[in-house]
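There are 2 protein chains.
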Amino acid sequence: MSFWEKFLGKTARSEKDQLFNDAIANIVGSEPKNLDLFKLATLHSSIGSITKDGFRENNERLEFLGDAVLSMVVAEHLFVKYPFQDEGFLTEIRSRIVKRETLNSLANELGIPKLVELQDRTKGNRGNSIYGNALEAVIGAVFLDRGYTFCKKFILDKIIKQYLDLSLLIHTDTNYKSKIIEWAQKEAKEVAFESTNQSNTLASHEFEIALLIDHHQISIGTGTSKKRAEQEAAQEACKKLKLL
Amino acid sequence: MSFWEKFLGKTARSEKDQLFNDAIANIVGSEPKNLDLFKLATLHSSIGSITKDGFRENNERLEFLGDAVLSMVVAEHLFVKYPFQDEGFLTEIRSRIVKRETLNSLANELGIPKLVELQDRTKGNRGNSIYGNALEAVIGAVFLDRGYTFCKKFILDKIIKQYLDLSLLIHTDTNYKSKIIEWAQKEAKEVAFESTNQSNTLASHEFEIALLIDHHQISIGTGTSKKRAEQEAAQEACKKLKLL
Chain A
1 MSFWEKFLGK TARSEKDQLF NDAIANIVGS EPKNLDLFKL ATLHSSIGSI
51 TKDGFRENNE RLEFLGDAVL SMVVAEHLFV KYPFQDEGFL TEIRSRIVKR
101 ETLNSLANEL GIPKLVELQD RTKGNRGNSI YGNALEAVIG AVFLDRGYTF
151 CKKFILDKII KQYLDLSLLI HTDTNYKSKI IEWAQKEAKE VAFESTNQSN
201 TLASHEFEIA LLIDHHQISI GTGTSKKRAE QEAAQEACKK LKLL
Chain B
1001 MSFWEKFLGK TARSEKDQLF NDAIANIVGS EPKNLDLFKL ATLHSSIGSI
1051 TKDGFRENNE RLEFLGDAVL SMVVAEHLFV KYPFQDEGFL TEIRSRIVKR
1101 ETLNSLANEL GIPKLVELQD RTKGNRGNSI YGNALEAVIG AVFLDRGYTF
1151 CKKFILDKII KQYLDLSLLI HTDTNYKSKI IEWAQKEAKE VAFESTNQSN
1201 TLASHEFEIA LLIDHHQISI GTGTSKKRAE QEAAQEACKK LKLL
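Chains as they are written, first to last, in the numbering used here: chain A, 1 to 244; chain B, 1001 to 1244.
Okay, chain A solo, but in the shape it has when bound:
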């Protein structure tokens, strides 16, 4: 350690580490306290090793943690932002935010791919979610490095508000009913929505609608209006028919 390093209380950092530190500081919005957390967060399993004490050195554990933090921060954000929307709406919009495609594209916006260490042959794999997963791991690292409140602010200010158009996300492709009808026309099937009352937990103000394809019941939806109940039934049917 040089005099100046001792004097400043710092140990020497390689140029590579310094560049990595600056890149993370740029993404997170302030200097990381524990750079090793972020090194781990960007270490893909194709290259990570196993330490003597059996610890798998890759970003998968941090990804698990970051995924949970992200889900909760997004849940709270939507809960507060949309006080008059029901839990079906909140669940749907959250799933659009945390789904693979969105996370991969956010990771690209943030410049995560340049930081991830992985085996060359892994890079070509299209359709996988290496970078979206690494983004979740980085979120896990931010949470461990700086705590919940800081991490929440990081997710909202540096990711969601910066790169996501929530109202676009909400209005894209919500119309499951027209999706089903379109599909049925193409497949020459007959779609019908019928009022029903099969479940005995229905409240007096709720509607229940069954969706039938060629006279076979495919799904049931409930809601506080017929339109909502139809949408729910259609959404369920889209899932079953793998149209989503």
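Misleading hints may appear alongside valid ones.
25 angstroms max Cα-Cα, derived BS3-like pairs, lysine-lysine [said to hold, decoys possible]:
| # | chain 1 | residue 1 | chain 2 | residue 2 |
| --- | --- | --- | --- | --- |
| 1 | B | Lys1239 | A | Lys39 |
| 2 | A | Lys99 | B | Lys1052 |
| 3 | A | Lys189 | A | Lys240 |
| 4 | A | Lys226 | B | Lys1052 |
| 5 | B | Lys1242 | A | Lys239 |
| 6 | A | Lys239 | B | Lys1081 |
| 7 | A | Lys239 | B | Lys1240 |
| 8 | B | Lys1081 | A | Lys152 |
| 9 | B | Lys1240 | A | Lys242 |
| 10 | A | Lys52 | B | Lys1152 |
If you're looking for bench data, these hints aren't it; they were derived computationally from the structure. Predicted model only: the values in this text are computed from it and were never measured.
Start from chain A and add chain B according to the hints.
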């Protein structure tokens, strides 16, 4: 408002509200600040109404929020408690904690059913998760009432550590391989595990095992030992065969 109520800064509380307040304080471990949050958390949709401004007055939004908080607190707890376990283990144990049966039984332990308001005809429905959902809603209410740190302590100290035997949860029924073999014997099918190397993202220290039933490949598992890879393949097969 009486002189004493004004003097003490309190409004009169009905006896019913006072009993409800005491029951919540007993569950949460300290007096609730906003009792209305907990009233909403215990209001099932079979009885909840819609207010003039279109707000659905029932516990489903709070359930959405509480579910996210619980998932995250459990994720962090497991992450810290099991530093040498991989994300597959963490995911599996978390799903055992937050699954319907566990939440329903925790709700019973905490005395939630006595507090939930719902239509009489709904009560008989076995196999549903009214009380487990209400527990999640109560967690959401605690989070809004007292913040993240308090809510985390509530979940860990008053729920997880109090009523869950984690090591029992971990050692119950983890053996997917024997589950598959048992099933195959009963169904007179032939099960085989074969080493393979189909995916090109496999790290040098990882094993890949395919599970075959009557010579058809059902699933693939990877892991840092053959045993782990077999378990993963067997778990995947159990899911596909709906044996879980």
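Which numbered conditions among the earlier hints are violated in the structure presented, ordered from lowest to highest? 1, 2, 6, 10
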